[in-house]
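Enquirer: Below are the chains, spelled out letter by letter.
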Amino acid sequence: MKMTYREALREGLKNALEKDSRIFLMGEDIGAYGGTYAVTKDFLKLYGSERIFDAPLSENGFTGIGIGAALGGLRPVVEVMTVNFAFLALDQIVNSAAVYRHMSGGQVSVPLVIRTTTGGGRQVAAQHSNSFEGWLTHIPGIKILAPATVEDARSFLHFALEDNDPVMIFEHALLLNRSEEVSEKPAMISPYKALVRKSGDKLTLITYGGMLQRCLEATEASSDVEVIDLRSLRPLDTETIFSSVRKTHRVLIVDEGWKSGSLSAEISARIMESCFYDLDAPVQRLCRREVPIPYARHLELAAIPQTSEISAKIKEMLS
Amino acid sequence: MEEAKTLKLLHDMMRVRRMEELCAELYTQEKIRGFLHLYIGEEAVVTGVMSLLQPQDNIMATYREHGHALLKGIPAKSIMAEMFGKIDGCSKGRGGSMHLISAPHRFFGGNAIVAAGIPQAVGLALASKKLKEDRQTVCFFGEGAVAEGVFHEALNMAELWKIPVLFCCENNYYAMGTALARSQAQLNLPKKAEAHNVTAQSVDGMNVFEVIEKTRAALDFITREGRPYFLEFRTYRFRPHSMFDPELYRSKDEVLKWKEKDPINFLIEHMKKNDLLPPEKLDALEKKIEAEMQEAIRFAEMSELEPLEDLGKYLYENDL
Numbered sequence: 269m270k271m272t273y274r275e276a277l278r279e280g281l282k283n284a285l286e287k288d289s290r291i292f293l294m295g296e297d298i299g300a301y302g303g304t305y306a307v308t309k310d311f312l313k314l315y316g317s318e319r320i321f322d323a324p325l326s327e328n329g330f331t332g333i334g335i336g337a338a339l340g341g342l343r344p345v346v347e348v349m350t351v352n353f354a355f356l357a358l359d360q361i362v363n364s365a366a367v368y369r370h371m372s373g374g375q376v377s378v379p380l381v382i383r384t385t386t387g388g389g390r391q392v393a394a395q396h397s398n399s400f401e402g403w404l405t406h407i408p409g410i411k412i413l414a415p416a417t418v419e420d421a422r423s424f425l426h427f428a429l430e431d432n433d434p435v436m437i438f439e440h441a442l443l444l445n446r447s448e449e450v451s452e453k454p455a456m457i458s459p460y461k462a463l464v465r466k467s468g469d470k471l472t473l474i475t476y477g478g479m480l481q482r483c484l485e486a487t488e489a490s491s492d493v494e495v496i497d498l499r500s501l502r503p504l505d506t507e508t509i510f511s512s513v514r515k516t517h518r519v520l521i522v523d524e525g526w527k528s529g530s531l532s533a534e535i536s537a538r539i540m541e542s543c544f545y546d547l548d549a550p551v552q553r554l555c556r557r558e559v560p561i562p563y564a565r566h567l568e569l570a571a572i573p574q575t576s577e578i579s580a581k582i583k584e585m586l587s
Numbered sequence: 006m007e008e009a010k011t012l013k014l015l016h017d018m019m020r021v022r023r024m025e026e027l028c029a030e031l032y033t034q035e036k037i038r039g040f041l042h043l044y045i046g047e048e049a050v051v052t053g054v055m056s057l058l059q060p061q062d063n064i065m066a067t068y069r070e071h072g073h074a075l076l077k078g079i080p081a082k083s084i085m086a087e088m089f090g091k092i093d094g095c096s097k098g099r100g101g102s103m104h105l106i107s108a109p110h111r112f113f114g115g116n117a118i119v120a121a122g123i124p125q126a127v128g129l130a131l132a133s134k135k136l137k138e139d140r141q142t143v144c145f146f147g148e149g150a151v152a153e154g155v156f157h158e159a160l161n162m163a164e165l166w167k168i169p170v171l172f173c174c175e176n177n178y179y180a181m182g183t184a185l186a187r188s189q190a191q192l193n194l195p196k197k198a199e200a201h202n203v204t205a206q207s208v209d210g211m212n213v214f215e216v217i218e219k220t221r222a223a224l225d226f227i228t229r230e231g232r233p234y235f236l237e238f239r240t241y242r243f244r245p246h247s248m249f250d251p252e253l254y255r256s257k258d259e260v261l262k263w264k265e266k267d268p269i270n271f272l273i274e275h276m277k278k279n280d281l282l283p284p285e286k287l288d289a290l291e292k293k294i295e296a297e298m299q300e301a302i303r304f305a306e307m308s309e310l311e312p313l314e315d316l317g318k319y320l321y322e323n324d325l
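In order, the protein sequence lines correspond to chains C and W.
So the first sequence is numbered by the numbering used here: it starts at 269 and just counts up by one.
So the second sequence is numbered by the numbering used here: it starts at 6 and just counts up by one.
Source of the hints: derived by calculation from the structure; they are not laboratory data.
No residue lacks a Cβ here, since even glycine has one placed at the ideal position from N, Cα and C.
One or more of the hints may lead you astray.
[As the list claims (entries may be wrong)] Think about it this way: if two alpha-carbon atoms lie no more than 25 Å apart in a straight line, the pair counts; the simulated DMTMM-like pairs of lysine to aspartate or glutamate are:
1) K134/W - E568/C
2) K134/W - D431/C
3) K167/W - E296/C
4) K135/W - D288/C
5) K278/W - E297/W
6) K287/C - E138/W
7) K287/C - E322/W
8) K581/C - E568/C
9) K134/W - E452/C
10) K264/W - E230/W
[To be verified] Okay, the calculated bits of chain W under chain C, using three or more residues with CB under 8 Å as the criterion:
11) 109–119
12) 235–245
Using the sequences plus the hints, can you model the full thing?
Expert: Here's what the structure looks like:
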């Protein structure tokens, strides 16, 4: 059956709310408004204000309440409208959620799920187009998931809520209307396993989230390129990455984030550390241009990796 | 009965103070390292508040929390071992002075980011409310926290969502070295809470009886109304902010003036006046406390260090 990424997120949330009374949602405009991206439309009516908290514009505050509620035995799902605003909650995420278990010698844990949207491409300019998920992967103690498919959008929340540690889920805004064929029952493949979405033997293309579809489009006609969807950005499934690199000997990383101090840099370094002698050529990266995202359409398109650019890069690397 | 209760208050205040004095000594001996923030001068606040709480109640505190941990029931020896960075410390030596945590004592820290514990206390109280548990949630923080945005965010949501939590603002007048009057335009702290419709009151934090009376009223209000309450305890730390503080920002005269209101002396005077404290009782109390603390230090000395191979442990529930 066909399902959109938005419907998949909705289904994941509904299943969770119906299964476990400890689960509640808290975030900006998730109730009366129905969610900025209509993911939680009608939820307030369906589950009531005891489960669906329309929060004021206090990202640090309500993330902190989520942490406390998790410490106290509930299973909060905090929604931060977009990753751009998640930085207002960074103190709570980085200095509290990520450290409590380790700092307490394993006594307390923060089973908190934070959902947020990420990515550019909608002409909403510099302050609403960031891809900060890579930045968050710097932090030990949290897990970072990025569903790139409808199937993953449907099941990642389940895994995140089963987890007794803080998990952040980055949903790409451009994928919300994407429709894919899915089975009636979710496949439930652990997010901590990177998946080879397409096999090939001459080049390993590593990507995730909003870039996956572009990478698949760019390589549609080729059997040379192996496309890996990371799914989890922390922890990284390096085993899947390395075994592909050992087969293809060439690597291209496509990441919507910036290059400097980034996830793509990290992946590249790990390949260099572990697969240096397997490489036939230097690892290449295709990332967001090192500028804030402009409003004008042509400038934005030029700043974020596009399918044509990915195709050109692959061609260059295989020639 | 009244006599026993008062004696218990004195005992607790003196335990808190003696532990802090010994921590300062142990710091100069380099047994305790890192940051060390002492509570000396402020004991009436924690003693009065804790005297009204039960073991199942939730506490969220700050980096000046040794006394809070002790009076919530964490044994002095677990606290001392924590200060020494040893495995028998309440946080296995990973938290140190600023991060005393004990899940069985419902003591969640020891949060050393100013004001960060405030929304978390609201969350803890929300959990207890939703799970229909019989617990109070009490959050301690200094007056420096009222400058943080998250203080206002948390108070607003606590009142908005009717979350039963007691906010205890320990106003010792200095955020490190910045006087309240030099950093805030509004010096009336209850007004800041009232701006969010939170009921609030100021308390003489040097007088343990007033602390108890007003805290009891606040807790009754919280139970009755199912809403938050804010108490400002006016108090003073007699020691520098931490062991690194040269105290350039306040005068010796000011410190001396506050020392005249020493909460322990105040209680002793009160008890003497009412024939509640024969000299031999005070003596016995001091001896008992000394024995407790020396035993705690011995325990901390003897405790082992966490094995190095465990450094990566407890990052996640399951090793990745």
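Enquirer: None of the hints should be skipped; say for each whether it holds.
Expert: We went through each hint and held it up to the structure:
1. K134/W - E568/C: Since the Cα atoms of K134/W and E568/C sit roughly 48 Å apart, the hinted pair is violated (cutoff 25 Å).
2. K134/W - D431/C: Roughly 23 Å between the alpha carbons, so the hint for K134/W and D431/C holds.
3. K167/W - E296/C: holds (18 Å)
4. K135/W - D288/C: Holds, at roughly 13 Å.
5. K278/W - E297/W: violated (28 Å)
6. K287/C - E138/W: Between K287/C and E138/W the Cα gap is close to 21 Å, so the pair holds against 25 Å.
7. K287/C - E322/W: It holds: about 23 Å lies between the C-alpha atoms, which stays within 25 Å.
8. K581/C - E568/C: holds (19 Å)
9. K134/W - E452/C: With Cα atoms ~37 Å apart, K134/W and E452/C exceed 25 Å; violated.
10. K264/W - E230/W: Given pair K264/W, E230/W is violated - Cα atoms ~38 Å apart, limit 25 Å.
11. 109–119: n = 4 at 8 Å, threshold three: holds.
12. 235–245: With 0 residues closer than 8 Å to chain C, the stretch 235–245 of chain W misses the three-residue bar; violated.
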